[in-house]
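Residue numbers (this note's numbering), protein chains in the order written: chain G, 1 to 293; chain P, 1 to 257.
Calculated from the structure, these hints are not laboratory results.
Treat the hints with care, as some may be off.
Lysine-lysine pairs mimicking DSSO-like chemistry, simulated, CA-CA at most 30 Å apart [stated by the list, open to error]:
#1 Lys42(P) x Lys73(P)
#2 Lys31(G) x Lys42(P)
#3 Lys42(P) x Lys74(P)
#4 Lys26(G) x Lys137(P)
#5 Lys74(P) x Lys31(G)
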Amino acid sequence: MMHSSTASLIAPRISQLPPRAGLGLKAEHFKDVLESLPDVGFFEVHAENYMVAGGPFHHYLGLIRERYPLSIHGVGLSIGSDTPLNIEHLQRLQTLLARYRPRVFSEHLAWSSHGPHFLNDLLPLRYDLSTLQRVCAHIDQVQNTLQRQILLENPATYVEFDQTHFDEASFIHEVITRSGCGLLLDVNNVYVSCVNHDRDPLAYINALPLHAVGELHLAGFAEDIDQSGQRLLIDSHGAPVDQAVWALYQQVLECVGPVATLIERDNQLPVFSELLAQAELADCYLLTTRERT
Amino acid sequence: MRLQEAFSAAVLDSQQPCPRGLVSRNGHVESRFAVYRNNVQKGLINALAFSYPVVARLVGEYFFQEMARLFIKKSPPDSPIMSTYGVRFADFIGDFEPARSLPYLADTARLERLCVAAYHAADAWAVDPQVLARMLKVPESLGQLHLQLHPGVATLDSPYAVADLWAAHQNEELSQGLDLSLPQSTVVLRYGLSVEVFAVRPGYTAFIRHLQSGHALGPAAEHALHVDPYFDLSQALALLITHDAITDLSPAPEISP
Numbered sequence: 001m002m003h004s005s006t007a008s009l010i011a012p013r014i015s016q017l018p019p020r021a022g023l024g025l026k027a028e029h030f031k032d033v034l035e036s037l038p039d040v041g042f043f044e045v046h047a048e049n050y051m052v053a054g055g056p057f058h059h060y061l062g063l064i065r066e067r068y069p070l071s072i073h074g075v076g077l078s079i080g081s082d083t084p085l086n087i088e089h090l091q092r093l094q095t096l097l098a099r100y101r102p103r104v105f106s107e108h109l110a111w112s113s114h115g116p117h118f119l120n121d122l123l124p125l126r127y128d129l130s131t132l133q134r135v136c137a138h139i140d141q142v143q144n145t146l147q148r149q150i151l152l153e154n155p156a157t158y159v160e161f162d163q164t165h166f167d168e169a170s171f172i173h174e175v176i177t178r179s180g181c182g183l184l185l186d187v188n189n190v191y192v193s194c195v196n197h198d199r200d201p202l203a204y205i206n207a208l209p210l211h212a213v214g215e216l217h218l219a220g221f222a223e224d225i226d227q228s229g230q231r232l233l234i235d236s237h238g239a240p241v242d243q244a245v246w247a248l249y250q251q252v253l254e255c256v257g258p259v260a261t262l263i264e265r266d267n268q269l270p271v272f273s274e275l276l277a278q279a280e281l282a283d284c285y286l287l288t289t290r291e292r293t
Numbered sequence: 001m002r003l004q005e006a007f008s009a010a011v012l013d014s015q016q017p018c019p020r021g022l023v024s025r026n027g028h029v030e031s032r033f034a035v036y037r038n039n040v041q042k043g044l045i046n047a048l049a050f051s052y053p054v055v056a057r058l059v060g061e062y063f064f065q066e067m068a069r070l071f072i073k074k075s076p077p078d079s080p081i082m083s084t085y086g087v088r089f090a091d092f093i094g095d096f097e098p099a100r101s102l103p104y105l106a107d108t109a110r111l112e113r114l115c116v117a118a119y120h121a122a123d124a125w126a127v128d129p130q131v132l133a134r135m136l137k138v139p140e141s142l143g144q145l146h147l148q149l150h151p152g153v154a155t156l157d158s159p160y161a162v163a164d165l166w167a168a169h170q171n172e173e174l175s176q177g178l179d180l181s182l183p184q185s186t187v188v189l190r191y192g193l194s195v196e197v198f199a200v201r202p203g204y205t206a207f208i209r210h211l212q213s214g215h216a217l218g219p220a221a222e223h224a225l226h227v228d229p230y231f232d233l234s235q236a237l238a239l240l241i242t243h244d245a246i247t248d249l250s251p252a253p254e255i256s257p
């Protein structure tokens, strides 16, 4: 059977997450969540952490899933890979999504596997025509297998490539138009990449297909300097959201309206109440946006 | 060499050159590429440190990082599921010359791997205690009973007292008073949501392994007695029963297709 893009099957912007702040769910906080049942819009988990047979991870996620909307975020599909997608991994993902029926599934515009090896990081792509075709073909394969729209996250990058045909925002625009996937706009990644490559964050954001935004991510970065002494920001997920990223978030909300927003924190994990305070702050931004529009 | 192939080789091995074709606004690509190299190596080192916390504490942070870095270069992950990364780490440690002075380190890693596997093992529920009691009351058929054990049950026989070492590290105790030179057998299982580790007589592990490979209760107990003349079947069964580790009982062997 010839099959083409799933674009025609899927209406744009079908995120079913409430326009609230959500939190990344960490095993360290399972009990805090179930004991205090905080007023959080949704929880998000990394798909690969739950690709295990049984035990506490499934036990707690099952209980939390009964009480909150869930979003599943993949870090291992390697959609930008120059080798075929790992079918076994895609099938595991299908099983996981069938079990938990999350409101949203998202992945990254990046690659993380080469041949048999998984590198456990989100690596950058050369934005040329062959990458565009490959990424779209992979997204079609994923959306057809999972029978749902996925959201694709814009990356944080530290280098760029020669012989590119698109700037990143136009590349994302093309991918979303051709594949019919949605956009997970990571505001921290926009800020990190724009500082690293000397771009204007607002111009970058305005060049994105904002109608397709289904979720926003906020996170903290680490700061370094490169050989020439210029600021080099690193998407570390190990710090609170920076003031500059909150300011950019405000501007994003003015463009897209209130959209489900995740506070991501994977490293140097603070106590749960500290994460909750960041979610409450994001909720304040969302509420103000709602009132204004 | 294709771009991702060169990129992949260079992030895993710091001696490899930075891949060609990278640019940055100021021309300084090395320190920027180094972020990826650092993220990949740190990420994988952290994944290993998470699965092997006792090994990491025994050798200290710097030694662990360097040992892990060499392991990563030799055996990068072959799956995106990080909880399974490092199944070959114990063998690597066993052959790692600089760790020779800690001969129990490889078995400590083996024990930690069994703990991770037990934590994420498939769920299974203990057999109905009434059924269990009824079956165990019929001495003439007892020997032919086949016991199905929980998927998290695992065993380790070591020439070193690694279960004691592991236990000391769970309670932040100092392991200096331990006599690690004594051989020790260990049973690992998941009871409820917690992984538990028991230092046991060698007959227990022989018994459990025989059950797991499909032998009936009688032959498994005989084998255990052969390994350890002091093997006590009722105590071994009590350990399994009180930790919900027997998940099915059948009078005849399961016939696999």
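Hint by hint, here is what the structure shows:
1. Lys42(P) x Lys73(P): 12 Å, holds
2. Lys31(G) x Lys42(P): Between Lys31(G) and Lys42(P) the Cα gap is close to 28 Å, so the pair holds against 30 Å.
3. Lys42(P) x Lys74(P): Answer holds: Lys42(P) to Lys74(P) is near 15 Å, not above 30 Å.
4. Lys26(G) x Lys137(P): 46 Å, violated
5. Lys74(P) x Lys31(G): 38 Å, violated
In the structure shown, a violation is registered for the earlier hints numbered 4 and 5, in ascending order.
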